[in-house]
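A.B. asks: Residue numbers (the working numbering), protein chains in the order written: chain A, 29 to 363; chain B, 95 to 345; chain C, 260 to 658.
Treat the hints with care, as some may be off.
[Claimed, not checked] Cross-link-like lysine-lysine pairs, in silico, DSBU-like; alpha carbons within 35 Å at most:
1) 248(B) x 578(C)
2) 111(B) x 506(C)
3) 337(B) x 101(B)
The hints are simulated quantities; they were obtained by calculation from the structure and are not laboratory data.
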Amino acid sequence: MDVLITQILNGLDKGSAYALIALGLTLIFGTLGVVNFAHGALFMIGAFCSVFLQRLLNLSFETIDATKTDFLGNPLKVKTPYVESWFGPEMGGAIIDWSVPLAILFAIPVMIAIGFIMERGLIKHFYKRPHADQILVTFGLAIVLQEIIKAFYGANPIQTPAPEALSGVATLAEGIVYPVWRIVYFCFSVAVIGGVFAFLQFTTFGMVVRAGMADRETVGLLGIDIDKRFTFMFGLAAAVAGLAGVMYGPINAPNYHMGMDFLVLSFVVVVVGGMGSLPGAVLAGFLLGILESFASMTQVIELIPGINQIIIYLVAIIILLVRPRGLMGRKGVME
Amino acid sequence: MGILEVKDVGKNFGGLKALSDVNLSVAENTCHAIIGPNGAGKSTLLNCLVGKLIPDTGSVMFDGQSVLGRSPHEINQMGISRVFQTPEIFADLSVMENMMIPLFAKRDGAYRLHAVEKVSNERTLIEEAERMLDDVNMLDKRGMHAAAMSRGDKRRLEMAMCLVQDPKLLLLDEPTAGMARADTNNTIDLLIEIKEKRDITIAIIEHDMHVVFSLADRITVLAQGTPLVEDLPENIKGHPKVKEAYLGEAH
Amino acid sequence: MFGLDKKDTSLLWVVIALTMLAPFILNPFPTGSGMAQFNAGYPDLMQRFVIFGIFAIGFNILFGLTGYLSFGHAAFLGVGSYSAVWMFKLLSMNILPAIILSVAISGIFALVIGFVSLRRTGIYFSILTLAFAQMSFALAYSVLTPITNGETGLQVTLDDPRVLGVSATADGSIPVTNLFGLEMRAAYDLVVGPWTFTFSVGYYVCAIVMLLAFYLAIRIFRSPFGLMLRAIKSNQQRLNYTGLNPKPYTLAAFVISGMYAGLAGGLMAAMDPLAGAERMQWTASGEVVLMTILGGVGTLIGPVLGAGMIKYFENIFSKINDNVLHSWFSFLPDGIEDFIVLVIHPFVGKGWHLTLGLIFMLVVTFLPGGLVEGGQRIARALRKKKEDEPKSPSTEPAE
């Protein structure tokens, strides 16, 4: 029983990331009808938002502490981050320690802006072009984005540790220990997903968008400027992917190609959930995360070697062949 | 016994009855028109004949064989060609290439991997295609990119693509919709000529009564998914039931 | 000639000339000069040009003609490489049986994957191929280690049986790949004044195979089969109602392009007898997509150009570092020089991927026909200027 719970928990954090990325991906597909291969790059940029903030907060000036000397006998140079000198060592230290959660505040406007620029500058010219062209141009964009990040931050992963208070492990029940940050990540993603659904469900804006997803032409005929709202949706999807990335940093140190790594899996998730279905994407994200975690159990691997490596693809292939519209997709979407 | 026998065909979409108890017999080498107000089920019936839809009940026999459960390409190979309401052509190919494809289909069947022969060596087929293009007055456009043509030309090309296969049954779905008067008359002349020259059966769905009465040997009036009357054209004109069905329809 | 019309024949001659003279064309700078490092005429790179050319030609038969975008073609290349290396291990170091086996095995592999994937179209097809390729990649890394040797990659060793050859040469080293005794590694250096041109057996074997592959592609393009494939891209509905079944045609195209990929993989192993799983990763599949699009999708020569361009970027363009830039712009005043180098820096050298990505985006957006279309547009513009009169747009089909 404990093993079971541990596996489910292990699946949840990856599942959360899948669900968040897939949610944005399917939001873009459902509203704009665009297959966005650059979505993984947005996730990666989100993660680097926290890297950026961490570096920014750690910007320091040097002072010479005359009372001490270093091991060569020279006066000791002490580096003090600006934030510590402004807010005092305690408050400043706390700010630096909490840089990853703080990066959320920083990432939201940045990601929305990136989403806007992407949509207005590039994607909107591809609405009427075939899906293959959309895939190709966003694939190119993904390469460009990841190379830009590589140019600034290099090819090696950069650690973005979780705040002291949220690192370490928690004992959930007897025999079940679990890293605190992963619990935080799961709760965070549930909150974001809930937020997106509530936004779509309870605001007029969301209602129009949902109507547009169901039948774009009709909504267009009502004289509602659907395009502007869709641009905003692109920004929102970018922000969701970015937030998923920001918070993922402490679990896996961000590197420039993490977007590409997640992209393929998130596409699989979207397809399994059903193209254009938001609940489908979330459900499939968690399901596949948990499934992957179960497949990684030693007992299972002994039974079917290598299953942990291919389980997600296997499920995707079967779903696509048996039920092409996915778990919760509407009939006729890109069939 | 006609070449096309439709018996008791019914088709539902969800709860909506699109067709019910459709019986239709098209005699060989005649032109049979199916008319009726919008939403009468004409297009649904046509789709049932070519394998796009499978009727819920009834049978469709062509040339003594059932077409039900066969895919569109198999039905075409049986000798049924279809012209669509909006022209379906290979827009990315040239006019001549558009003509070659049905000829290959006719000669080689649904599939043959001839990967190293050359299209330009198929003299007999090319000549056949040219003759057909000449018949529809399009020989001068043979090298043209099909997408660049006018809508009328696309229709004529589609018609030529169907005719060049020498089908036993030609299905026409509003072949003159949206055409200018002159083009419509050309199409009528073309179809009359084809009818006289070839052994061909034509089933036509049409709104334009001028076209219908110029071509049809028999007319079936469809209303609300069921045949209302079937008779000779002269008897259909002024038939009270037909008037009733069409009343309010702008024709 | 060769059963081709005039235009195709001259195209084929151009390609023959380019590949045969490549050791000259790609080595414009004298050895020892500062620019010598930008010479691309060394066997290793030239082999990669033509091998990836074959890969892209095959990919284009699927994507260019039918419009089915596969994101998993690298899997076939990997399978080809593994098959070839196994042949080197078990049979002999002769490349002929190895390449035949690579083509056959990857063909079977493509038949299975294609049969399943082609049950869906559009984006679903792309994702199915992607999933299959990633599965093959993951399996090659893990469970299939006995066949693939996992992360280390498959290599020939001294204790391989090689039933038709020898396990080790007289001096105790691993025998080299050959074609009936003609060693792939053998090369002849021609020294003309300050220039050195290298003619390698391996390159010419690859080049001849590529010419054959190219010739076959022309024949396919001009055949009724090629016409059907283009019809599939254009309008499947009409094709159905014209009495043709698109499925066997697309499957045949998929298998043929898979065999081309296997051929490329086999040649790769023939030049350097090892095979690794990373050749199968989806980013490698993405690379062949980039090649085909950049060069000109659906055109004959485009994929070869695209492959050459990307491999040139990867190997030569990536060598442009700051020192080189400084030497190029040294004629400028210091401040301006530094500024220009600073601006160019992110796009060259290690940043070549960035430039490539940008070019790719520009091509997809503005030049869907790739380099070939770009060339045609320029040629047309020049012709127009010359004649100085408006001409109706040409209606000839894609070449």
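A.B. asks: Hint by hint, say whether it matches the structure.
C.D. replies: Tested hints:
no.: 1; hint: 248(B) x 578(C); result: 54 Å, violated
no.: 2; hint: 111(B) x 506(C); result: 33 Å, holds
no.: 3; hint: 337(B) x 101(B); result: 26 Å, holds
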